[in-house]
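Mind assembling these two chains? They're in different frames, but the hints should get you there.
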Amino acid sequence: MTLDFLTIIDAVKMLDEGKITSVELTKHYLDKINKLDRKINALISVTPDLALKEAAKSDDRRAKNNLRSAIDGVPGTLKDVLVTQSVRTTAASKMLNDFIPPYEAHVVSLLKNAGMVVLGKTNLDEYAMGTTTVNSAYFITKNPWDTTRVVGGSSGGSAAAVAADFGVFSLGTDTGGSIRLPASWTNTVGVRPTYGRVSRNGVIAMASSLDQVGLFTRSVVDAALLLSIIAEPDKGDSTSVRKTVPDYQSLLKSDLHGITVGLVKQFMSDGVDENIKKSVLEAVAQLKSLGAEVKEVSIPLSEMSLAVYMILVPSEVSTNLERYDGIRYGYSGANHAKNLKDVYLQSRTHFGDEAKRRIMLGSFALSSGYYDAYYNKAKRVRAMISHQFDQVFQNVDVLVGPVAPSLPFKIGDDLSDPLKLWMADLLAVPVNVAGLCGVSVPCGFSENLPVGLQIMGKAFDDETILAVANAYQKSTNWLDSHPNL
Amino acid sequence: MDKIDKTEVKHIAELASLSLTEKEVDRFSVDLTNILKYINQLDEVKVDSGAIDNESLYNIWREDEITNINMRDQLLQNTPDQKDGFIRVKAVFGDS
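The listed protein sequences derive, respectively, from chains L and P.
Residues in the first sequence are numbered from 1 upward in steps of one, following the numbering used here.
Residues in the second sequence are numbered from 486 upward in steps of one, following the numbering used here.
Just chain P, with the same shape it has in the complex (with noise of 0.2 Å):
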């Protein structure tokens, strides 16, 4: 990929959830096209078999203790809309 056109800006703003004015994409547009040039560098290096990623990445676990219980009012203090001590979201679908 040489380019990332206005028309991909606005495809990537809509996966990634922000709503961008018409200047953002234009600048965003030339401001990824310049960092992918830079990033395309990478096409030099043949990736060789051996190099498997991640080959000395393992999961570690724990028991699942409860540690911090009671802390519902703290939790919600930073919550912008609630009821009850639950968190009030607007609906899915429609105006509400």
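For reference, chain L alone in the conformation it holds in the complex (with noise of 0.2 Å):
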């Protein structure tokens, strides 16, 4: 009996027949974690008291033959940008070191009464502010693949820990990417919902137009079976659409007739990495095969999508840290203030390089004489770019392309151009400025890393992304491989 790299359907299908309890399983995961994540650094908090008491819970309730949902007892993890009542939540800054949330995110309520056991919390970059979950302010999380490259981000610890096999599964936010993005670098399934599917609620506020939660899998029928779970409205959050919540798992598919694919041209350009190309252009070929119909599609302003993410980000960005105050809660320089102004000035000296960075950048596309000629502007831009998917989506049923334009950096490579870090979003950002949905599905390794196919998908038709992804993934055997650690 093996329990390494297991699905949330084989988890169960374990706990149903009684050869593993959820403490038993909990346990095998957090010895994993304690012997292995030295070498990675996925976890920033991890709590196996609280775990082992809910597995026990979860034991109690089976043993009655009372259980809450199809993932009752099996452990996972959750980004530290999901606020956890009573759990120390950091967003991998200084500001938030000491921070103990008095309510828990909707989604890790709904998670936790579905009978979930939190294994820990994951690194990310600072506030979800990156790339390569090398802007932690605690420790940079390295790719399980290859230790001495970048897992991706800013999600990077969730990804990490699914790949490392340190739990079944991991929650964590995309606003750019930063859920497909380490997906693609780490040979998981990795889903950004549409804006507006699942609350965000408790989660700890990047760009509030953009963010939105998501997860990471080792199959699209655990990522099916789980969103069913997360995307139940709430009251919390204004922008949760009250939309029934489809039974995503019954959705899927395994034969592709009827499904139209675009391959999105502006994703097949020069910039992007030539055996990347290769990979996805023979995961289109698959498609084919299962009987998609595959067109070749335009979609100009895609192209303009990082640079309007870069101004409505950095600008979300500056009035969401304008709460950091030292005054409430958070890092506090009031020691060192002589009056409040300066209360402000020295608590904020805590945040991180790209937080700052950010802060500033939204702060001057905000100010006063430049605000038609950058937000506005963009914001305009936007709506032209949604517009032009619009348009796209008459015709096809899912885009595809590749996730990332590059394979993972190296680690002490030069990371310190922040521009060149904003280009991995390059592929990612549409579909958050654009407001669909979107899956990253393994296609393949080119230098023995993983590489992704993106799949993206009409707003509120997550379930046909996920059809397409799970026929893709039910035909291919690249989710068969994993890292030796």
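Hints were generated in silico from the structure; no laboratory data involved.
Predicted, not measured: the structure shown is a model, and the values here were computed from it.
A couple of the hints might just be wrong.
[Said to hold, decoys possible] If the Cβ cut is set under 10 Å, some of the chain P residues that face chain L in the computed set are:
{"hint": "1", "residue": "Asp516"}
{"hint": "2", "residue": "Thr564"}
{"hint": "3", "residue": "Gly579"}
Backbone N, C-alpha and C define an ideal beta-carbon position, used for all residues, glycine too.
See below:
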């Protein structure tokens, strides 16, 4: 009996058949984290006592035939930007080093009510700002496939935790690729649901018009199962859309007849690594052999997405991070301050470099005299990009392309050029800017490093990207490959 | 705008309540100028009058129901300086 690299479906089957208990499974992962995480640095906090307590309760429910959901007793991890009541939540910032949230994020409540066992909180770029998980105030998360390389970001700890088998699944957030990029670099499935599909209540805010909670799993079926749990509407977030939650798992497909796939020309430009393009084209051929009709489509304005994103995100960051003033919670520099303004200044020195840079850029874009030229312009171009995607979606069901333009960077390579780091999200941000949904599913290897296929769908058509991803995943065996640690 | 010079950096830092070291001022001037160069490609996009931003957006209201009550102590558990259930702050003017 092996416990390595279980999917949710595998784990639940073993629990149901009495081959293992949730407590045993939880201990197995805690041991693994204890032994191996020093090589990877996936987790900021591990919560063994809480995990074992919840696992014992789940075993008790199972014995009484009183299970709460199809994931009851399954252990996983949470990105440390989702607040957890009474459990330290840092957003990988020194600002929140000692922050104990007084409440629980909506998605965390939903998962705990479903019986999830939380093993711990995963590392990220500070406040989810970055593409590498190098910008964490704590440590750099390493790629389990090659520990000399970055794992991607900002949900790098979550991606690494799933790739390294520290738990069965993980929750992350994706504002501009922060789930799909690290998923593509770790051979995991990464889902960014449509904006509004999952509540953001209790997600430490970065850019509120783009932030969205999503998933890392080892199969598309697992992702579909989890999405049906976390997509529950929430009164506490007015952008959480009051739509009934589909049973995503029952809508998965294995045959793609009747599905039209658009390969986006702009996603296959010269700037994208040749081997990545090759893997993507092979995946497209595979979709065709499963019955899909494939067309090449052009979305010229998608190329402007990153520029739009680089104005909107810092603008929203500069407003969202105003709250860190050293007064109500978070780091306070009051001891060194002589008056109130000084408290703000002394406290806010604790932001990391990238946070400061984005606050500066956003304050500039929103400042008098520049607002129209930058923020307003970006907002209008955003609407135009969205419109262009809508038009293409009149003729295709899903769009495909690569997730990342390159393989994961070497740690210690010159990662100090902020523009170079933003560029890693070049192909991921159009989904966020246009308010669509997207998934990264493993589609091959180049130089022994994973490559991801991106499947993008219409707003609130998450079931179709999952259906296509599932058909592709079931007909390939990329997910059977695992890193050696 | 083509360049964010050091004077501009200091002005923005003041707006954002950030106290920057001279080294940070130098670096951010270079970084922000480079980022601006990339962003300026938006100049190529002619915004057509049809592109009304947020045309599909609308406000979502709900009843203002009281749900979480008596959480004062939990809410204050992260507050650095407090007295008798109140948050204590420095004086707005001068030394305190």
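Taking the hints in turn, this is what the structure says about them:
1. Restraint check, aspartate 516 of chain P versus chain L: the minimum CB separation of about 5 Å is within 10 Å; hint holds.
2. Among the interface hints, the one on threonine 564 of chain P holds; its C-beta lies about 6 Å from the nearest C-beta in chain L, closer than the 10 Å criterion.
3. Given the 10 Å rule on beta carbons, the hint for glycine 579 of chain P holds: about 6 Å separates it from the nearest Cβ of chain L.
When each numbered hint is compared with the structure, no violation occurs for any of them.
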